[in-house]
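*Asks:* One letter stands for each residue in the lines below.
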Amino acid sequence: MTDISLHRGISVHRIGAMILRYWYLLMSSWPRLLELLYWPALQVITWGFLQLYIAENANFFARAGGTLIGAVILWDILFRGQLGFSISFLEEMWARNIGNLMMSPLKPIEFLLSLMVMSLIRLAIGIIPMTLLALVLFHFNVYALGLPLIAFFCNLIFTSWSVGIFVSGLVLRNGLGAESIVWTLMFAILPLACVYYPVSVLPAWLQHVAWALPPTYAFEGMRALLIERTFRTDLMLEALALNAVLLVASFWAFLALLRSARKHGSLLSGGE
Amino acid sequence: MTENDKASSRPTVADRISSAAIAVDHLVKVYKQTRAVDDISFSLPHGSITGLLGGNGAGKTTTIAMIMGLVLPTSGRVQVLGYRMPEDSASVLGRMNFESPYVDMPMRLTVRQNLTVFGKLYAVKNLADRIAELAEDLDLGDFIDRANGKLSAGQKTRVALAKALINRPELLLLDEPTASLDPDTADWVRAHLERYRRDNNATILLASHNMLEVERLCDRVIIMKRGRIEDDDTPEAIMARYNRTTLEEVFLDVARGRVNGAKEAAR
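Here the protein sequences come in this chain order: Y and Z.
Just so we're aligned: the first sequence equals residues 1 to 272 in this note's numbering.
Just so we're aligned: the second sequence equals residues 273 to 539 in this note's numbering.
Quick caveat, the hints were computed from the structure, so don't treat them as lab data.
Remember, it's a predicted structure, so these values are computed and weren't measured experimentally.
Just to be clear, a hint being listed does not mean it is correct.
Within a straight-line C-alpha distance of at most 25 Å, the following computed DSS-like cross-link-like pairs (lysine-lysine) qualify [unchecked claim]: (1) LYS422(Z) with LYS397(Z); (2) LYS263(Y) with LYS497(Z); (3) LYS422(Z) with LYS263(Y).
Far from chain Z, by Cβ distances over 10 Å, these chain Y residues were calculated [said to hold, decoys possible]: (4) GLU91; (5) MET116; (6) ASN141; (7) PRO191; (8) ALA256.
Beta carbons are placed, not taken as given, at the ideal position from N, Cα and C, and that holds for glycine.
Please model the complete structure; the sequences and the hints are all you need to start from.
*Replies:* Here is the structure:
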């Protein structure tokens with residue numbers, strides 16, 4: 001798996017082999033499967049009941065029905081998308097298998113593409129039951145958002161992959177000692193991306209930071225849709241442009257960190 | 273034939289390097305203040321088995337890692353099957369393979385699942401047949417559908433060897449291939465490696481602490497100490513040079529700095 005091979009042909013067979021590897025793993029371990037369902041279900045139940053309580057006691061939230069639970073679902077797409085990517089990567093580190101992959105004909109871009117596909121599969125296993133639970137328990141149908149949901153989903157998943165690619169590079173370079181970054185980095189985005197409140201709540205200087213993050217556009221777009229019944233195409237296009245920059249930057253960072261790992265011999269150790 | 277013709281037909285250094293299975297040229301690896309590998313050069317012809325000997329910290333693993341492209345050299349050049357590493361590794365990684373104690377195979381996957389995944393990564397044709405062939409050759413049949421994590425050390429080594437041979441590599445790099453194995457299993461693995469080399473004209477480079485293994489398997493030995501090559505010859509020639517009857521005695525001479533005395537005594 002080399003930097004130089006980046007510009008050569010991408011093999012669907014090798015990407016398929018990696019997806020097969022993660023599928024075998026997922027199917028061999030019921031705790032892994034259960035975990036995919038457990039956290040999203042817990043989230044939607046907790047926040048769903050909170051939304052019910054607020055809706056009964058506040059006119060604004062009664063009007064803006066679904067913003068909280070919608071935010072929870074979109075946040076989970078962002079967070080679980082990154083975890084789905086990063087956990088598949090960490091499985092290689094935990095299994096001390098990364099050396100085998102690096103020495104195989106697998107290219108970095110193929111490895112990353114297989115992690116992206118796995119993040120979608122893992123996300124689907126967790127999120128689809130979560131949305132059905134929201135529908136049954138709280139009568140919130142996220143699919144009623146229609147086409148805008150696809151725009152929100154794409155922008156959030158692109159950001160989750162960018163973060164996933166970057167933190168995987170950090171773990172590759174620094175070993176499992178850097179594993180905690182995988183679990184925590186996305187939470188640094190949580191307050192800044194204005195998941196549960198509008199950007200206008202932030203102080204002016206911090207609003208600039210918020211608008212530099214693509215997820216902010218998705219959450220603002222979701223609120224505009226639910227409260228004002230308007231789909232903000234401009235927000236989605238801006239988010240898409242930012243995501244393109246983030247994806248390129250994260251891939252570049254991954255290759256730089258991979259090169260640094262080769263330079264420092266970290267691919268052989270991989271430990272703490 | 274003119275003098276010019278003779279000169280042009282004589283293999284140049286560049287020819288020797290490009291025709292070798294592995295060519296290492298003035299290779300240096302520095303980690304902060306430590307020179308792990310200090311200006312080593314050697315080339316290995318196709319079909320040879322070479323042992324890389326040396327104590328802990330001699331630079332064997334770093335040398336093998338640079339040949340594989342897992343570690344970038346500080347300076348110098350590595351060429352594998354005619355391609356520069358790691359720049360051209362995409363052209364050569366499918367034709368080589370390795371086994372190392374520094375890596376494992378995924379524990380939850382069965383042996384068959386692991387071999388299937390690696391077979392697909394190496395684009396092995398008729399993969400099911402190849403896995404069946406390896407299962408027979410390496411006696412994996414009893415546990416091929418068992419999770420890798422539930423195997424004994426000896427079984428895991430055989431599985432790792434099966435993974436290393438899945439693509440019928442022209443070049444096999446082995447780091448301590450029989451470490452932690454009982455003598456019977458170790459002997460069995462050595463016999464298999466000898467057979468594989470003979471049947472496939474494969475080139476094998478193995479790092480080992482096991483002198484008997486190197487004596488039995490290798491037609492050439494490179495002894496390393498503190499990142500440098502201390503000696504490089506056939507096992508017989510090296511033992512004769514040091515006036516010793518086993519490589520283990522030679523190893524102890526080198527490790528304990530008795531090199532000059534031993535060589536002078538031999539003279």
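*Asks:* Taking the hints in turn, state whether each one holds.
*Replies:* Evaluated hints:
{"no.": "1", "hint": "LYS422(Z) with LYS397(Z)", "verdict": "violated, 29 Å"}
{"no.": "2", "hint": "LYS263(Y) with LYS497(Z)", "verdict": "holds, 22 Å"}
{"no.": "3", "hint": "LYS422(Z) with LYS263(Y)", "verdict": "violated, 35 Å"}
{"no.": "4", "hint": "GLU91", "verdict": "violated, 7 Å"}
{"no.": "5", "hint": "MET116", "verdict": "holds, 18 Å"}
{"no.": "6", "hint": "ASN141", "verdict": "holds, 37 Å"}
{"no.": "7", "hint": "PRO191", "verdict": "holds, 37 Å"}
{"no.": "8", "hint": "ALA256", "verdict": "holds, 13 Å"}
The structure fails to meet hints 1, 3 and 4 from the earlier list, while all remaining hints are met.
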